[in-house]
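Student: Chain by chain, the residues:
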Amino acid sequence: MRGAAAVAGVGQTTYWKWGQADEPEFKLALRAIMAACEDAGISPSEIDGFASYSNDRTEASRLAAALGIDELKYAVMQWGGGGGGAAGAVANAAAAIATGQADCVVAFRALAQGQFGRFGQGPRRNTISGANAHTVPYGLMSPAQMFAMRVNRFMHDHGVDQSALRAISLASYQHAQTNPAATMYGKPLTAEQYDESRWIVEPFHIYDCCQENDGAAAIILVSAERAADLAHRPTYVLGAVSGSHHRVGAPVHNDPLYATSSFTTVAPRLYEMAGVTPADVDVVQSYENFTGGVLMAVVEHGFCEPEQANEFFTLDNLLAPDGDFPLNTSGGNLAEAYMHGLGLTIEAIRQIRGTSPNQLRAADGGVDVSMMIAGPMVTPVSSVIFGSDATIEGIGA
Amino acid sequence: MSGYLADGLPVPVPSSDGRDAPYWEALAENRLVLQRCNNCRGWQWGPEWICHRCRSFDLGWEETEATGVIYSHERVWHPVHPALKDHGPFVIVLVELPQCDGVRVVGNLLGDPMQDLVIGTPVTGVFEHHRDHDPPYTLLQWRVD
Chain A
1 MRGAAAVAGV
11 GQTTYWKWGQ
21 ADEPEFKLAL
31 RAIMAACEDA
41 GISPSEIDGF
51 ASYSNDRTEA
61 SRLAAALGID
71 ELKYAVMQWG
81 GGGGGAAGAV
91 ANAAAAIATG
101 QADCVVAFRA
111 LAQGQFGRFG
121 QGPRRNTISG
131 ANAHTVPYGL
141 MSPAQMFAMR
151 VNRFMHDHGV
161 DQSALRAISL
171 ASYQHAQTNP
181 AATMYGKPLT
191 AEQYDESRWI
201 VEPFHIYDCC
211 QENDGAAAII
221 LVSAERAADL
231 AHRPTYVLGA
241 VSGSHHRVGA
251 PVHNDPLYAT
261 SSFTTVAPRL
271 YEMAGVTPAD
281 VDVVQSYENF
291 TGGVLMAVVE
301 HGFCEPEQAN
311 EFFTLDNLLA
321 PDGDFPLNTS
331 GGNLAEAYMH
341 GLGLTIEAIR
351 QIRGTSPNQL
361 RAADGGVDVS
371 MMIAGPMVTP
381 VSSVIFGSDA
391 TIEGIGA
Chain B
1001 MSGYLADGLP
1011 VPVPSSDGRD
1021 APYWEALAEN
1031 RLVLQRCNNC
1041 RGWQWGPEWI
1051 CHRCRSFDLG
1061 WEETEATGVI
1071 YSHERVWHPV
1081 HPALKDHGPF
1091 VIVLVELPQC
1101 DGVRVVGNLL
1111 GDPMQDLVIG
1121 TPVTGVFEHH
1131 RDHDPPYTLL
1141 QWRVD
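Top to bottom, those sequences are chains A and B.
Note that our numbering gives residue 153 to position 153 of the first sequence, counting from 1, and the numbers run on in steps of one.
Quick note: to get our numbering, add 1000 to the position in the second sequence (first position is 1).
Not one of these hints is a red herring.
Far from chain B by the CB rule (all over 10 Å, computed), these chain A residues: (1) Pro-24; (2) Lys-27; (3) Trp-79; (4) Asp-322.
Taking beta-carbon pairs under 10 Å as the criterion, some of the chain A residues facing chain B (in silico): (5) Ala-133; (6) Thr-135; (7) Gln-145; (8) Pro-256.
Treat the hints as calculated values from the structure; they're not laboratory data.
We put the CB at the ideal spot given by N, CA and C, even for glycine.
Model the full structure from these sequences, guided by the hints.
Tutor: Written as structure tokens, this is what we have:
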């Protein structure tokens, strides 16, 4: 699959605080897809497939009819919750193109939580059964609570300090200050504000938790050959994989490894497919559902040993363009918007194109190898590596 | 308020397929039973229809002592459910049961919510009955030895 598919275009709507979108969810999806078509310079008629995740309510067949596409060849939903499929949707789209099942596939996510329920709320009923009956009556019901338990164990095992989580949060907020599309544009965060902010569940302050937002984002993928004819600097899918290790989904917190972001087997498969190593990766977008997930995901993708985390996760090290490990360069889920990760995937593409609000230096305007890590701690998780022209004939080819 | 947490959270009922009914029935009798494979004798939790080790469908329920060690913990501050508004911080622990192949269960840690939380601390189970509730139910809570 390496290099078979490439990005034709990307599109996004305005990002709102949750519940404040001024248009319905389906219309937001249409707007993001139309914006991606315009960015690509292609007609919506070329689209023949849709890929989404996390039980997206916007149905592929309704989109196909509304957009009047000629033929629907591919409609796939990645199983799993949260943003575990924000790279998996790209993987599924690229797989369809690589195997000839479709030629032009849109990976998208759309959210209007005023029109529908709020994402991630605890259950509002009198009784509960199944696996949740063994957690919810003890007050364990929100994503923050599900994941803080894993992160506490990881921080204990490896001696990681709160300062590592704080650096991840501050980096996102600082990067958002040069991104006019970010919901936290013009709202910087200081270390003091972070330290004094309220706890949600230890070790997460409120600034360790993703926002909740309305909006939509879309990425159009085509074959590498078709992309060569289009306007933008080609951005190839070098590798894109999903999954999780042995029994991550064991109920009632019985994942045998437990103190993990679920990438222990996924990351090695990603590097193998992409033909690159961690040292080749120029910039990383790592999905912040919670900063602790970023911590573990970056470790599990081989960028730092867990025992080095306190030295590695410092604000200076995580900032573009001068840090050694620029992270979440558009503001991420914390400070750009929480499009369940698809916004981070688009930022990974912008870094190749040379159009990031915090662009990394590169001779021809963009970086060559750009990674996006999706949905740490859920199952399945996913991650993707995009590459420039140089990677197709260069590293690992 | 009749338990560690305020009343009003969803209360547990056995799953409609009956998979975990023996667990809830035993808790009401101050006993902890968990799933154990009759073929390979491995313990398994949460409950499933098949043994994940030997893939036998012949799974039984076996009683064990309600003792374990804190595998992980969290102090919760934000009330995500209306019943916990104004409740204040509370502690959830993930308890490992070494005598049952290290399977884990979730409960609250009784006592001062600001107490030090230390991974590896031995804890003992406390059966928290809500017999007057409709439907009645029992939770398994934990206390530092």
